[in-house]
Structure formats: structure tokens, C-alpha cells
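K.L.:
So the protein lines, in turn, are chains A and B. Here the numbering used here is used: the first residue of the first sequence is -6, the next is one more, and so on. Here the numbering used here is used: the first residue of the second sequence is 38, the next is one more, and so on.
Hints are computed from structural coordinates only; laboratory data are not their basis. Don't be surprised by glycine CBs; every beta carbon is placed ideally from N, CA and C. Just to be clear, a hint being listed does not mean it is correct.
[Stated by the list, open to error] Which stretches of chain B does chain A cover? Using the computed rule of at least three CB atoms under 8 Å from a CB of chain A, they are:
(1) 133 to 143
(2) 174 to 186
[Stated by the list, open to error] According to the in silico footprint, chain B covers these stretches of chain A (three or more CB under 8 Å from chain B):
(3) 14 to 23
(4) 94 to 106
(5) 117 to 126
Chain residues, written in single-letter form:
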Amino acid sequence: MTNGLDVPPGTDPLLVDLDQFHGPLDLLLHLIRKQDIDIFDIPIARITQQFLDVIGEMGRLELERAGEFIEMAATLVRIKAQMLFPRRDDEESDDPRADLVRRLLEYEHFREVARALERAERDRLRFHPKGFVEARPRPSLADAPLETEWDELWEAVLALAERLDEPEPSYQVQGRLVRIDEKIEQVLRMLSEQQRVEFAALVAPWGTRMHAVMSLLACLELAKRSTLRLRQASPFAPLWLYRREEEPDAA
Amino acid sequence: MRHSRLIEALLFASEAPLSPADLARVDDGLDEEQVEALVAELKQEYDDAERAFTVFEIAGGYQILTRPEYAPVLERYDTVPLSSRLSTAALETLAIIAYRQPVGRAEVEDIRGVGAGGVLKTLLERDLVEVVGRGEGLGRPLLYGTTRYFLEHFGFRSLEELPRSDELAVILAQKQPEPDAT
């Protein structure tokens, strides 16, 4: 990564592309260092002129960036004006350039730190932690072909229904008749919220065989109407209901 | 199970550096000093066997990383090359925050002579800097500092490892006699 100082050999150090510079201090430092100017004795008139020449070319810069360069130009012009006033010898500390020099040195210091950080970063990137090489993506269940027979499906549902029957609640309340259209509505509601629903999750809230059977009938009815798709990876594996998008191939 | 193997299991399974305190929690009978000895042992074991990885000290902890000579091979598998490299503006801003922390946005902007809003946002998003407090003065400005991840990103053990001013002076001195490009 270049930082503006690496002008190709044979070119004028004053011929610069402003986009290379990370602000007015960066540009100013470039002008000073490229011409071997003593930073503690900057020829303000010359540098100001060069600086103005460079930013004079920058019509295409966006306003915010331009403002930063113009502010620096104003500072330079002000210093230049102050230099024209006669100074007494005992007023050395009042060199109008002093504050600019301090800022330039400070910025140059941090620019060097930034370069050191860049080297550290480059070195660090040669050490790799676990996980650097990404795991192979797993094929998603949705892409798997359907290989389930209806018999297997039934078997799985019956096994599930049996399981649901076992921990019979100790208090028996008169069960209300479960209606298939109620179940259909429930399935449709769940599938409108999620792409897919596991059958076990569908029947889990109701622990009776009646609910499981009516849920299954609802699913089969919806599958017949092509509103959903049933999938099971293998016998006794979880049974999944998929929302069926508008596509012709049958489940 | 041997303590050294417990340490090895933790270091292997972790994607970020683990501090001696993190590692010592694996067993009641372990203190941080013993952990450090065990890690050194493990590192020696990997070095002797010339494994492709070993234990590195980083951000105040330990992490198993591949050795740098394997980087070119691994990089062929990189799906997002160079994604983690920072821009010059980000590096300069980080340099200022690292040395001057806690530091406000105004000081950062003053030193660089350019606006810092966008860069600071990026650095916050990447967890390289964080808000560490509020300053005195007008509007009680937010103050920023570097994070632990900052050390991790640059591979420093601690902030002490930041390049020091006298080392930088050497770099500057070497740069001075650079021949003019004309």
C-alpha cells in the first residue's frame, strides 16, 4: 500500500495525484520531504505556492475533502503573512511556523506508527487459526430427493402416535372433538410463518392420539391439494412438512 | 486425564486466544503459573515434532496457529482474500487511538487534519476500538480506546508491543537520505 511518497522515478515530485493523499498534512509532508526541506525552517512562501498549485487542480474533489485542503491553504497563507512582519530576535518562540511544524511532526510520527501497524498486520495474517479454511457447505435438506414410501410414512406416524399415548396424563378431561379443518388451519398458519415444520412439533402441544391422527389427515389432505409437501429422510426419521411454492413437480 | 492434554484440547477447540486464567478454569488444581508451564511444554512438544502449527502468545493469551511458512498454501483456500486488511486511513486513526487512548474524535481529526467520523464507525464495527468513556468539556465527547481484538488482529501480546517512538525515530532517520525521485 503506497502512502503518497512513492512517486514513480523520473516524475516531478510536485506532480501528484491528490487522491493518493490522506489529507492536507500528508500532502504538505510529501512536498517537504521530497524536496529535502528542513522541516524546522520551511520556506513558507515556496511551499504555500506549491500547495496552492496542487489543490488548484482538484476541481473534482468532493466538498468535504476540498474543505480540509482549503483550510490548510488558509493557514499557510496566514503564516506567510505573519512572516512578513518584522520580528525581534528575542521572540524566537513566536515563530508563526512553530505550530504547523509541531503538527507536521506529530502527524509524521503517527504515519510511521500506521506503517508499523500495517507491517504487523501483514505478518499476523501469515498465522492462521482453526476455521481459516471454510468447512464444506452441507447439502440442505430441501435439496434432497424424496425417497420415502407411503408405508414408511405411515409406520413413522403410528410409532409417533404410540409414543404420544404412553405418558397418559393422570387427570383425564373430556376431550373435545378434533376437527380436520381446524387442524388444516393450524398447519397452514404454521407454514405461513415458517418454510418447514416438523410433524412432531405440530402435534407436540396436544398429547393425544386423536390430535396426532387428525393432524396427519390434515397434512395428507393438504398434500393432496398440493399446498404442502411431506418429506422424511428415512424410515422413523423426523417427518417434515414443507410449504409448497408454485411449482409443478409433485411430492 | 493429564493436565497438558486438557490444555491442548481447549487450545485446539478455541478460535480465539485463551488467557492463562481461562485455561486454569479447566481444573480446580491448576493455577495460572502451572498453566503457563504446561503451555510452554506443549509448545516445545509441537516444535520438536515440527508440527505445522504451534502455540503462539497473542493478546494476553495463547492460541494455536499454523506457522507462517504454511501461509501460501492455506491462502489458496481463502475464499475472502485480503478482506481483513485495513485502509491507510484506518491504520493512521488506530495508531493515534492506540497511543493517545482514551482519546476523543476531535483530537484524532486534529492530528490527521481530516474528518474521522466514517473511519471511527468502521473501526467500531470491526471491534478494533470501543468507547471507553466520556471526556470533560463541551458536549462531553465520547472517548475511544483499543480493544483486546485490536491486539489479536495485529498479533501483539499487549499494548507494550506497539512500536515505540525511539524505534520509529530510527525508521525516520533511515528514510531521510532517500534519493529524490527527480
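K.L.:
Decide, hint by hint, whether the structure agrees.
P.N.:
Results for each hint:
Counting residues of the region 133 to 143 of chain B whose CB lies closer than 8 Å to any CB of chain A gives 3, so the stated coverage by that chain holds, three being the minimum. Check result for the region 174 to 186 of chain B against chain A: violated, 0 residues qualifying (beta carbon to beta carbon below 8 Å, three or more required). Counting residues of the region 14 to 23 of chain A whose beta carbon lies closer than 8 Å to any beta carbon of chain B gives 5, which reaches the threshold of three, so the coverage claim holds. Coverage of a stretch by a chain is defined here by at least three residues with a beta carbon nearer than 8 Å to that chain's beta carbons; for the region 94 to 106 of chain A and chain B the count is 9, and the condition holds.
Only when three residues or more bring their CB closer than 8 Å to a CB of chain B does the claim for the region 117 to 126 of chain A stand; here the count is 10, and the claim holds.
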